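> Sequence:
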Amino acid sequence: MALVGHNVMLQGLEGRADINNRCGTAQSFVEARGRYAVRVPGLKEPLLLKPQNLTRIADPVNEITSCALEEHATEVRERVEAAASGQREGPGRVILDLEDCGLSRLPASVGVLSALEELWLCGNGLLALPESLVGLRALRRLDLDQNCLTTLPEGLFVLPTLEALYVNGNSLASLPPALAQLDSLRELRLSGNKFGEAPEVVGSLHNLRALWIADNELRDLPVSWYSLTSLTELDVSGNRIEVLPARIAQLPQLQELTLDRNPSLREPPPTVAALGVDAVRGWFVAQNGESV
0 MALVGHNVML
10 QGLEGRADIN
20 NRCGTAQSFV
30 EARGRYAVRV
40 PGLKEPLLLK
50 PQNLTRIADP
60 VNEITSCALE
70 EHATEVRERV
80 EAAASGQREG
90 PGRVILDLED
100 CGLSRLPASV
110 GVLSALEELW
120 LCGNGLLALP
130 ESLVGLRALR
140 RLDLDQNCLT
150 TLPEGLFVLP
160 TLEALYVNGN
170 SLASLPPALA
180 QLDSLRELRL
190 SGNKFGEAPE
200 VVGSLHNLRA
210 LWIADNELRD
220 LPVSWYSLTS
230 LTELDVSGNR
240 IEVLPARIAQ
250 LPQLQELTLD
260 RNPSLREPPP
270 TVAALGVDAV
280 RGWFVAQNGE
290 SV
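Residue 133 in numbering that gives the first Met the number 0 is what sits at position 134 of the sequence shown, and the numbering runs on without skipping anything.
Everything labelled a hint here was simulated from the structure, so no lab data went into it. Be aware that a few hints might be false.
What the hints assert, rightly or not - Label pairs and their in silico Cβ distance ranges:
no.	residue 1	residue 2	range
1	275	226	20 to 26 Å
2	57	273	50 to 56 Å
3	176	88	33 to 39 Å
4	259	157	34 to 40 Å
5	91	182	22 to 28 Å
6	76	196	41 to 47 Å
7	285	229	23 to 29 Å
8	31	183	23 to 29 Å
9	278	159	37 to 43 Å
Quick caveat: nothing in here was measured; it's all calculated off a predicted structure. Ideal Cβ positions, reconstructed from N, Cα and C, are used throughout, including at glycine.
Make a model of the complete structure from these sequences and hints.
Structure representation (structure tokens):
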């Protein structure tokens, strides 16, 4: 009964692998079954789970505060307490702002904050993220700009309401196929990473409206991106692109196209690219004699 009343993380479930790494509260111990009744946010009924499938995790207020630099400890504690209580900020959302707080790591206990709608972690130098992020089922915006991430946790790619993912200024060189599961994603920021090739999986994000992937090492854009029919803004500046595919310029909703600082750009000519998407479209039409 040592876990009763405590936060726990679910692990090693074979029959319900979809809820592994999610957090809940052990409400009671059912002696006859030798299992804990665990309440998991988002599930209608408590689950009866074996002790070996549960790991006790710390209180998020104390643990997240302990990971911040001392000079930020008071404000971090206040912000985590507000988020844990479901307090709504500015746009009427539950927000946890931990930008530039000197976090040494983001602990698994963040997964307890199931009501979070926005999580701002910019500028902390984080090397990794916990798999318990899978429990943030209400999350709509995740800001990971200016950290030191080389990978993203699998649990991130099953968040059903995630609309904005910002990962500028990290060390990502690829994205996993699981990214395609983010059906709600509208904004994706990937600038200032280590992409040598444009990630093809991005083309599966059919609801994506804004894509920033500037300041990488891209030489071309993949055919899969021709499917980004909802895209209104594309920034591929600061790469090594020589030829922009005409089909990209002809994306039906595209309103902003940024191509500057591609020193080898030939098609369209840099002077045309600088004039914006309408000029680029016109140039391709003139070259081909018709719309592509």
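> Check the structure against each numbered hint from earlier and tell me which ones fail, lowest number first.
8
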